[in-house]
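Engineer: Listed here are the chains, written in short residue letters.
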Amino acid sequence: MFPDRFLNCGVAEQNMTGIAAGLALEGYKVFTYSIANFNTFRCIEQIRNDVCYNNLDVTIVSVGGGFSYGNLGYSHHAVQDIGLMALMPNISLLLPGNSMQVKYCTNYSFEFSNPKYLRLGKTGDQLNSELLEKCAVVNTVYRGVNNNTAILSTSNILSVASKVKKKLNKINSDIDLYSVSIIDKNFNEAINRICLKYEYVFTIEEHLDTLGFGSLVQKALELTSIKVITLGLDNSTYKKVGGQNYLRNLSGLDPYTIANKILSYKKKFN
Amino acid sequence: MNRSNYDLKKLTKFSLEVRKKTMEMIYHANASHIGSAFSMVELLTVLYNCFINISSKHPADPKRDRFLLSKGHACTSLYSTLAILDFFDLDILRSYGSDNSILMSHVSSEVPGVEFSTGSLGHALPVSLGIALAAKKKSCNWKTIVLMSDGELNEGSNWEAFLMAPQMKLNNLIVIIDNNKMQALGNTDNIINLEPLELKFHNFGWQTSRVNGHNLSEIYNSLLEFENSSICKPKILIADTIKGKGISFMENSLLWHYHSPDANEYEKAMKELMNA
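Residue numbers (the working numbering), protein chains in the order written: chain A, 136 to 405; chain B, 406 to 681.
These aren't lab readings, by the way, just hints derived from the structure by calculation. One or more of the hints may lead you astray.
What the hints assert, rightly or not - With a cut-off of at most 20 Å between alpha-carbon atoms, the simulated EDC-like pairs for lysine to aspartate or glutamate come out as follows:
id	chain 1	residue 1	chain 2	residue 2
1	B	K468	A	E334
2	B	K541	A	E161
3	B	K543	A	D139
What the hints assert, rightly or not - Beyond 10 Å from chain B on every Cβ pair, some chain A residues (computed):
id	residue
4	K164
5	Y168
6	N206
7	S234
8	S399
C-beta atoms are modelled at their ideal positions from N, C-alpha and C, and glycine is treated no differently.
Build out the structure end to end from the sequences listed, making use of the hints.
Structural biologist: Following this line, the structure appears as structure tokens:
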């Protein structure tokens, strides 16, 4: 639609990010786009020193978070990107769980002028279609009555989290479910406000379970007595190749395994 | 905006003043990189006196030319240049190297007149492509100028930009290479040989020129030729320079990449500059 607003920078992510910084310095709102590991890891110093240090209006849009491109091998498994980007100064992380949150997060990119990281899944994702509220750091997917346990899901694992909730609800172990799609300066307050009433909070992400979304939630809740358990990947599957569901199952990120983990953790702490 | 005609006597005196102020700064801060700072003094002299449109009173004027120092470790001679031209008070130069000084030991955009902070090499050129592109999009005729070192041409990120700039037809972009042929741990050509530089850039699609980087009139004439050129290519000036130029015992000496002058060396150096 706007060909003069699109620049193909070729297979050159460091230059692309530098150009983005230069345009943003001159007042433009800029989006960079690539498959998840490439416009993050490949050019992280440009993101750090040129974009984030100068607090520039650049949104780094990644497609293929988690195992979205699982068949293509480890070079295309985006399983450390949330942690990496969370370390940058001034950045907001935008991690939508469904199409409605993608819309919210895209609007957020236009509204705010600090650096942003927008992590998408892939077309053809099974997107959860439950009704969510307006754009917020945390959207409620399901809230029961007096539940003492909540799942905080982020990014493109929401459909799995939703199935976990259904499984647990069926066996009378009701849990509440939230999708956290924005990590910005309001994150800590929002997480504390939402989680205040819970005894257990489980975080789920298609990302390493350490130093990712779950760790940010643990940090936010560190002054509370809430038990926060992070569920995600470890590095044991790094040489595995296959479709997204296959790799999720291999990594224990399937609804059955997660539901059992939640039950056994709760039993252990009781 | 500050721009004056070529005046050899005035420019020679200016270069000397920059070296004096830079030497003082580095000695008092016990700092490094004097060799790198001194090799680019004549380039800064011609740029800031005759070529870059920017006002010390309005350094953020949107119509200004943008100058980016990619070799940010050589910031001291740029800071001296800006202070002498009244972008900020000369006294502030004494704070270089101190806690919480705005004069960071790699060039900082907190300093009036400094366009972009650098410290890691290979960053400013890609950024300058974005800046020059913005000028094109807005149909503005201000220029973007980047000063780089030869050592930093080792960084691959630069070559992504060297390949792309001609494709983008950025004839409003000028790159200057301070080619002092030395880098931190040795001679450039012993580490990664860069020559033939002109041929490389010519074949990449750049308009190229090569000068003695300490000859003020050669620098001036080359930049003027670039400015008046109707060739729709980005421009690159390779300036052959001497690391540590201006102090006899510092010239072409790798020691002076990192070494900071002690009291004796400082006294000897200042004596040379006073008698120059």
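Engineer: Please go over all the hints and tell whether each is borne out by the structure.
Structural biologist: Against the structure, the hints:
Between B/K468 and A/E334 the CA atoms are separated by roughly 59 Å; this puts the pair beyond 20 Å, and the hint is violated. As the CA atoms of B/K541 and A/E161 are separated by approximately 11 Å, the hinted pair is consistent with the 20 Å bound. For the given pair, B/K543 sits about 12 Å from A/D139 by alpha-carbon distance, which is consistent with the 20 Å threshold. A cut-off of 10 Å between C-beta atoms confirms that A/K164 is not in contact with chain B; the least separation is 12 Å.
The beta carbon of A/Y168 is kept farther than 10 Å from every beta carbon of chain B, the shortest such distance being approximately 15 Å. At roughly 28 Å, the least C-beta separation between A/N206 and chain B is larger than 10 Å, which holds for a residue marked as non-interface. A cut-off of 10 Å between C-beta atoms confirms that A/S234 is not in contact with chain B; the least separation is 32 Å. Every beta carbon of chain B lies more than 10 Å from that of A/S399, the smallest distance being close to 47 Å; the non-interface claim holds.
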